[in-house]
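**Student:** Just so you know, the protein sequences line up as chains W, S, D and A, in that order.
Position 328 (the first sequence) corresponds to 328 in the working numbering; numbering is contiguous.
Position 122 (the second sequence) corresponds to 122 in the working numbering; numbering is contiguous.
Position 294 (the third sequence) corresponds to 294 in the working numbering; numbering is contiguous.
Position 110 (the fourth sequence) corresponds to 110 in the working numbering; numbering is contiguous.
Calculated directly from the structure, the hints in this document are not laboratory data.
Please note: incorrect hints may appear among the correct ones.
Copies of the same chain are indistinguishable here, so a pair counts whether it falls within one copy or spans any two.
[To be verified] List time: in silico EDC-like cross-link candidates among lysine to aspartate or glutamate, alpha-carbon distance up to 20 Å:
#	residue 1	residue 2
1	Lys22	Asp49
2	Lys194	Glu168
3	Lys6	Glu259
4	Lys27	Glu215
5	Lys194	Glu57
6	Lys201	Asp323
7	Lys327	Asp79
8	Lys22	Glu32
Since this is a predicted model, take the numbers as computed values, not measurements.
Number of protein chains: 4
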Amino acid sequence: MIAVLKPDATKEQIENLTSWLKSRGLKVHISEGEFHTIIGLIGDTSKVDSDLLASLEMVESVKRISEPFKSSNRKFHPDDSIIEAGGLKIGGSNFHIIAGPCSVESADQILSIAESVHASGATILRGGAFKPRTSPYDFQGLHADGIELLVEVKKKTGIPIISEIMNESHLPLFEHVDIIQVGARNMQNFELLKALGLSNKPIMLKRGLANTLQELLMSAEYIMAGGNHNVILCERGIRTFETYTRNTLDLSAVPMLKELTHLPIVVDPSHACGIARLVKPMAMAATAAGVHALMIEVHNDPPNALCDGGQSLTPEQFTELADQVKKIREVISP
Amino acid sequence: MIAVLKPDATKEQIENLTSWLKSRGLKVHISEGEFHTIIGLIGDTSKVDSDLLASLEMVESVKRISEPFKSSNRKFHPDDSIIEAGGLKIGGSNFHIIAGPCSVESADQILSIAESVHASGATILRGGAFKPRTSPYDFQGLHADGIELLVEVKKKTGIPIISEIMNESHLPLFEHVDIIQVGARNMQNFELLKALGLSNKPIMLKRGLANTLQELLMSAEYIMAGGNHNVILCERGIRTFETYTRNTLDLSAVPMLKELTHLPIVVDPSHACGIARLVKPMAMAATAAGVHALMIEVHNDPPNALCDGGQSLTPEQFTELADQVKKIREVISP
Amino acid sequence: MIAVLKPDATKEQIENLTSWLKSRGLKVHISEGEFHTIIGLIGDTSKVDSDLLASLEMVESVKRISEPFKSSNRKFHPDDSIIEAGGLKIGGSNFHIIAGPCSVESADQILSIAESVHASGATILRGGAFKPRTSPYDFQGLHADGIELLVEVKKKTGIPIISEIMNESHLPLFEHVDIIQVGARNMQNFELLKALGLSNKPIMLKRGLANTLQELLMSAEYIMAGGNHNVILCERGIRTFETYTRNTLDLSAVPMLKELTHLPIVVDPSHACGIARLVKPMAMAATAAGVHALMIEVHNDPPNALCDGGQSLTPEQFTELADQVKKIREVISP
Amino acid sequence: MIAVLKPDATKEQIENLTSWLKSRGLKVHISEGEFHTIIGLIGDTSKVDSDLLASLEMVESVKRISEPFKSSNRKFHPDDSIIEAGGLKIGGSNFHIIAGPCSVESADQILSIAESVHASGATILRGGAFKPRTSPYDFQGLHADGIELLVEVKKKTGIPIISEIMNESHLPLFEHVDIIQVGARNMQNFELLKALGLSNKPIMLKRGLANTLQELLMSAEYIMAGGNHNVILCERGIRTFETYTRNTLDLSAVPMLKELTHLPIVVDPSHACGIARLVKPMAMAATAAGVHALMIEVHNDPPNALCDGGQSLTPEQFTELADQVKKIREVISP
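Next comes chain W alone, as it looks inside the complex (with noise of 0.2 Å):
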């Protein structure tokens, strides 16, 4: 950590606050510039506030140099995490596709779609039981039903499945549930992520809709901090000032996340888009990205869905995808 201080901070000053500083096991450089003093702080930094230091009235800036994250960073674990769920392998040089529905709606829908994506190439099944909507008029899910309708295809045809979980109360229901899915609403629901951190559920934790790369890696972080190292990373879109999509999906991401984490990354084109003509294009630019998994929506009567029809695509549609993503794949990964 690096303090900046003003041109006017006198000699008192500085030394009082190299004392300070010293008083809490850090070793201090000082280093004078034509127009500033530079204080270099040396040691566990993490534990110095970084605002309160820059409240000081003799402080013009504060500058962190290492990453605040810890657990999750490449740094410090070289190789990939490979998440162990429901059988398969997640991250590294594994690659998956995880389709279904928004929403279960019955027993028949969500069968009928897991068979067909799982024909298809789909390794994972999505389905909704808990919806955040912005609306408390809208439909909200079938809840623990919805959970059990899950289970009890996964029973039948083998496929592993994913959920959201919106409180950690409901934690019991998943129970048989593969993956956790925490939604980018919840991203910062620092509650729900400490107590998913006590299990050891693979997690997979979507990015928030405004919120930076290293915003999502604290809160990995969260989940880390209590033990929990299975933490998959989703990235969904975020909020620009576009309107013809939703939300612009930011594929970035997807290298530069693999640059600073070892954790494994999805890439979910059906919420960032909201159109389903887009998410063909998307998901092969997220493959040719070099992302470990997709989440894709899937419906086989999307403009009768309950939620979310609108980016849905139709089983045959979720064939062409899957593919044209597997010849994506053998270029990436020959």
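Here the structure of chain W is known, so what remains is to put chains S, D and A in place on it, guided by the hints.
**Tutor:** Just chains S, D and A now, with coordinates in the frame of chain W:
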């Protein structure tokens, strides 16, 4: 709600669509333009999923005409809501200053600040016991002990108190807290909002970092839909590209929200700016814009505050602010 | 165009408004809903100022139905435009790589890079002579000399050239430049766009840092309205809150623009990311998303480049990129 | 400037880098931390390209310590600049209201508005003759005729005038205009800024829609580097995700800019909000925040204004605003 059809929509498609819409209890008006046919839906369109409609092949775009928020809408409740909390009336022509430290740190600290800000004109005491921090390694608050210290100060001084909740399971701890704050990161934690909707406590809901006013009102709707109409809205700065200030205080939200809703509006310039020196001018500006209450961070020893010291005023600076704000109020509401 | 009236609009007001609208040559459809009366305007609404309409006391909101861009609109020109430049065809099923240094620095530098990227598959040479820099103290390019060096290389190698213009008074210098680039910061420099609209040069228009696709198309419209239909659009990253990458490359712009317009689309991953290591994966992703051309920064000595060295590839890295991109093209367009 | 090296930087690499930096006339301080070596550069770092440095393999990140703006920096010019224009003094403890129509439409219109706003306390008349419009099909202003009408009104009434320039070739037309405005879309039209830097006219530079305060100051630097120090800055709203208001007025820019620079600061609430009803509260708020001048759109017949009618006040509404603003000024500066 209005659906604009694609130029190549066939007569048959249009007929199918209109009969489907009528089957949902809506009246349908068709208006044929030069390039587009437009379908107007009349009736309770809150049950029509606009994303679904937009996903139909023949539909080019869908536009909502009515605001999706109902209980907070000034159209259906023209008079200002007055929320009663701790014996005070908030909203309408009343004006309040909420002041206190970011975090409750000790009995002495919170009592000393409470007495000081009370004497200078603050009518409500703030103090954080549960602190949402980006990093799991930062100070997270004194939790139940912090709430207890606040309640003791309330008993001694008679000043009503506000504190932030992060988890509905903590609700019993807030029994003697007069206003419960929902922080910006939890603005769309719908499970928390639903739980608070079942209580009868006044709730101060902070706008999320990248959320629109409509989303803020939809989150208020989650609380109000549960029966709790004691909702206060708080603008606390939104995320923009500017980096000199921590966030950008959106003061036009004040007159805009006053037009859209009957709920009281608070502005928190301390969190918005993140710099103590900017708090006084922005508090004065918010007052001039017509806000119902201000929320100001005050600490008796800002450089040693456990969190957010950089944005805290000293009690002396707060006194000066309160004086100037009072003079602005005399202009606004003579 | 649709105007939604306020619930309290009187009959007289509505009659006055409709007769005023009719006097402007528009047909008016009135549709009365439960809470709102809606007025639909049919005819050439491009002459109605929607802001003005929205400002009337009785009007609650105004919504445009038709896209405001005409010449670039695929609805009125369903086939892909093919732009001819330097003997090449750009757009449709053609694919190109534009490569070269950020700035032209010397005759040797630009010739050496040109020969190298040409050999690896680049079909167009880029090189900046006029450089828009945030600081007036940064290197601003070689100006006329830079253009001259580019033209000499074109004569020697036969490779067509593209370079950026910043001022319409420089147009004569660009006589032998095959494609004129308008930079992101000048996307809404309407005077420059109008001047270029009067030439017949192919223009590559870069999307502004915080501009929407519709605004990009409206700026294309400025050029096309002058009679020059040789417009190529370029996505080069937009400003978001992410700081690890310089900008955020919006790849969903590729399939979205292909739907909205018939103009060719280029992606520039070098400027978008600002980090050489991310250029290859993002170039592959853009290709997979279906772009018509890529623009890649290549420098024979990146650490000594006079500007933007950090995002430049070496010629060897470019060769590798071009090989992988070619393989992705074979998947896309077999 | 500070360069943070990667953990695996070798001794040899570090020696090479330091000798290269020293060869550029800089002093180099090396400080070795637990994980990182940090290199501090002392001297005139404005000649070091930080992007280039960041691109070196051994470098992890580079941080600037000094602000890149010089001429506008309050550190080197502690006293407020007072700009003289049309016989008025702008900046320091002076306060002005600029008022007038968005566009000059006719001799009668501009004279009538000028007389009315002058009587109510406006000291400068605004009126657009060159209008930057998103669409080439919208009204673009009366051009030279508009400037002429403004100059005539100035002769008749004695009120100084301000108008927007879009092209340096129009500079001769502005001979009798007292302040030349550079619009938000041209804030980074560096060629225009350079041309204005060679004149001695007072320039009012508007902040771009998605630009930071530092970028605004760097654009001021372009003008000042040419020798023209008569620069006035204008905050006119920035683009955010909020849609109820056209833009978001960033009032914290007022106290922040006053800290960073000695140049006078204007706020334009009319363009920021786009809604006439919000202009008065936001003008009062800007005044309370300490701004040096306001810019307000006034039209004698808003519903028939040729552009931006929706945000214009009537002369009566302006009188009321001016009265309230005067009272706020008495609080601020008694």
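**Student:** A separate judgement is required for each hint: does it hold in the structure or not?
**Tutor:** Do the hints match the structure? See the list:
In this assembly of identical chains, Lys22 and Asp49 lie within 20 Å of each other by CA distance solely inside one copy; the values are 15 Å within and 34 Å between copies. For the identical chains of this complex, Lys194 and Glu168 are neighbours both inside a copy (9 Å) and across copies (15 Å), given an alpha-carbon limit of 20 Å. Taking the shortest alpha-carbon separations for Lys6 and Glu259, only the inter-copy value of 13 Å comes in at or below 20 Å, while the best intra-copy value is 35 Å. Proximity of Lys27 to Glu215 under the C-alpha cut-off of 20 Å is found in neither arrangement, the shortest distances being 28 Å within a copy and 36 Å between copies.
Proximity of Lys194 and Glu57 under a CA criterion of 20 Å is satisfied in neither setting, with 36 Å inside one chain copy and 37 Å between copies. Proximity of Lys201 to Asp323 under the C-alpha cut-off of 20 Å is found in neither arrangement, the shortest distances being 31 Å within a copy and 41 Å between copies. When the C-alpha separation of Lys327 and Asp79 is checked against a cutoff of 20 Å, the pair qualifies neither within a copy, at 26 Å, nor between copies, at 28 Å. When the C-alpha separation of Lys22 and Glu32 is checked against a cutoff of 20 Å, the pair qualifies both within a copy, at 19 Å, and between copies, at 17 Å.
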